[in-house]
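Trainee: The lines below spell out each chain.
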Amino acid sequence: AQSVTQPDIHITVSEGASLELRCNYSYGATPYLFWYVQSPGQGLQLLLKYFSGDTLVQGIKGFEAEFKRSQSSFNLRKPSVHWSDAAEYFCAVGARGGNKLVFGAGTILRVKS
Amino acid sequence: DTAVSQTPKYLVTQMGNDKSIKCEQNLGHDTMYWYKQDSKKFLKIMFSYNNKELIINETVPNRFSPKSPDKAHLNLHINSLELGDSAVYFCASSLSFEGPATQETQYFGPGTRLLVL
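In order, the protein sequences belong to chains A and B.
Under my numbering, the first sequence has 18 at position 18, and the numbering climbs by one with no breaks.
Under my numbering, the second sequence has 110 at position 110, and the numbering climbs by one with no breaks.
None of these hints come from the bench; they were simulated from the model.
Ideal Cβ positions, reconstructed from N, Cα and C, are used throughout, including at glycine.
Possibly wrong hints are sitting among the right ones.
Cut-off 27 Å, straight-line C-alpha distance, at most; resulting in silico cross-link-like pairs (BS3-like, lysine-lysine) [stated by the list, open to error]:
no.	chain 1	residue 1	chain 2	residue 2
1	A	K100	B	K52
2	A	K100	B	K9
3	A	K100	B	K67
4	A	K100	B	K22
5	B	K19	B	K44
6	B	K22	B	K41
7	A	K68	B	K44
8	B	K41	A	K61
9	A	K100	B	K71
10	A	K100	B	K40
11	B	K19	B	K67
To spell it out: a stretch of chain A is covered by chain B in this simulated footprint if at least three of its residues, at any positions, have a beta carbon under 8 Å from a beta carbon of chain B; those stretches are [what the hints assert, rightly or not]:
no.	stretch
12	24-36
13	43-53
14	100-107
Across the chosen pairs, the derived CB separations fall in these ranges [what the hints assert, rightly or not]:
no.	chain 1	residue 1	chain 2	residue 2	range
15	B	R63	A	K61	35 to 45 Å
16	B	S65	A	I11	31 to 41 Å
17	A	E66	B	A3	23 to 33 Å
18	A	S84	B	D18	38 to 48 Å
19	A	E15	B	L117	35 to 45 Å
20	A	I60	B	Y10	24 to 34 Å
21	A	I108	B	A3	23 to 33 Å
22	A	E66	B	D38	26 to 36 Å
23	B	K41	A	S72	19 to 29 Å
24	A	A1	B	N51	20 to 30 Å
25	A	P40	B	G84	19 to 29 Å
26	A	G16	B	R63	44 to 54 Å
Looking at chain B on its own, in the form it has when it is part of the complex (with noise of 0.2 Å):
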């Protein structure tokens, strides 16, 4: 009964491949995210959906690609891999993103492991 869950957990590729994450929540929840956690282990928004809607797109190159088939689900597609997208993914969810504070708290899956080669 996992709350967030994101599947591959660790995923080793070449540059220049394209390969996706996917995140999915069983909390109900409407708000969906994604982190990059980098190797110095600074955390940082990159996408948010409400709802399969875009709210937050942070600088981010447009190799990365949110996709949300539905409000339980929010895939990342990255294209042309580069050495420097090695980081760790967090996906996270959240009941909305506005509102009474508690329906603002985050929930963080076990993260992807993304290594570029």
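Chain A extracted, bound-state conformation (with noise of 0.2 Å):
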């Protein structure tokens, strides 16, 4: 079965300062990858999903993450994060073929003036 695991709770950066979220997962084969951000009361919007092929994908709002194998990670990135960008950012992890995504216990982030 597959996991994933967001090793930070709570990051705070700097409103213009980079920002980088750390997603690890634990799966047999090579997993289908996304990264959900939640805003306050808000459901969860979907920025960017990994399959197959470039292992550096391009999300919405000018996120980006990469895939790492060997580390068994994918890590969520934005050279400048925006203080808009303050909200909850969950890594899930879904089996192929089966569908069942299972999450990670997020990583809130909040941004600084």
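Starting from two chains that each stand alone, build the complex the way the hints lay out.
Mentor: As structure tokens, then:
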């Protein structure tokens, strides 16, 4: 069975600074990987996804993530954070052909001005 | 032109009551899901239906019963509500539950915040 670990519960960055949110997964084969964002009181919005091919994937809102098989990681990055990026970010892994998403516990991003 | 919608957005009720949450998607997807997000923001899948048929049924009390009248709708009925049922319930949909990768991407509704008193 697959599992996801997001080691950082909270992260605080200054507006304009770079951001990296960590995600490690456990799965026996090549997984499907996703990052979702949840703003306060809102639903989940898909930021980006990785299925195969280029290991660096681009998403919405200037986010990108890199799949590193050797490290079982799928870290989310943004070169310059905006105050509107403050939210909770969830990494998720899906088994191919099974379509059951397993989510990490989430990382709360705070942006200080 | 909301893709995945849920009603109600908020639901406050007493212990022991029976309640329903509705979900509709206008994306033409075949597969729909219910997730529960607990107080610690941990998201866990409950059910999945593909074209009105149950395909995923996690360890969920049988007080929870999903019903899919057609592939665009997946409703969640909860009987004899308990305090521990308080959570945010998310509906999601995907084009299919297997096949080419892009068909498995799940799109989520805004959530229903259930509070049991």
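Trainee: Hint by hint, say whether it matches the structure.
Mentor: How the hints compare with the structure:
no.: 1; hint: K100(A) <-> K52(B); verdict: holds (17 Å)
no.: 2; hint: K100(A) <-> K9(B); verdict: holds (24 Å)
no.: 3; hint: K100(A) <-> K67(B); verdict: holds (19 Å)
no.: 4; hint: K100(A) <-> K22(B); verdict: holds (21 Å)
no.: 5; hint: K19(B) <-> K44(B); verdict: holds (20 Å)
no.: 6; hint: K22(B) <-> K41(B); verdict: holds (21 Å)
no.: 7; hint: K68(A) <-> K44(B); verdict: holds (25 Å)
no.: 8; hint: K41(B) <-> K61(A); verdict: holds (23 Å)
no.: 9; hint: K100(A) <-> K71(B); verdict: holds (18 Å)
no.: 10; hint: K100(A) <-> K40(B); verdict: holds (20 Å)
no.: 11; hint: K19(B) <-> K67(B); verdict: holds (13 Å)
no.: 12; hint: 24-36; verdict: holds (count 3)
no.: 13; hint: 43-53; verdict: holds (count 7)
no.: 14; hint: 100-107; verdict: holds (count 6)
no.: 15; hint: R63(B) <-> K61(A): 35 to 45 Å; verdict: holds (39 Å)
no.: 16; hint: S65(B) <-> I11(A): 31 to 41 Å; verdict: holds (39 Å)
no.: 17; hint: E66(A) <-> A3(B): 23 to 33 Å; verdict: holds (28 Å)
no.: 18; hint: S84(A) <-> D18(B): 38 to 48 Å; verdict: holds (40 Å)
no.: 19; hint: E15(A) <-> L117(B): 35 to 45 Å; verdict: holds (40 Å)
no.: 20; hint: I60(A) <-> Y10(B): 24 to 34 Å; verdict: holds (28 Å)
no.: 21; hint: I108(A) <-> A3(B): 23 to 33 Å; verdict: holds (26 Å)
no.: 22; hint: E66(A) <-> D38(B): 26 to 36 Å; verdict: holds (30 Å)
no.: 23; hint: K41(B) <-> S72(A): 19 to 29 Å; verdict: holds (23 Å)
no.: 24; hint: A1(A) <-> N51(B): 20 to 30 Å; verdict: holds (25 Å)
no.: 25; hint: P40(A) <-> G84(B): 19 to 29 Å; verdict: holds (23 Å)
no.: 26; hint: G16(A) <-> R63(B): 44 to 54 Å; verdict: holds (49 Å)
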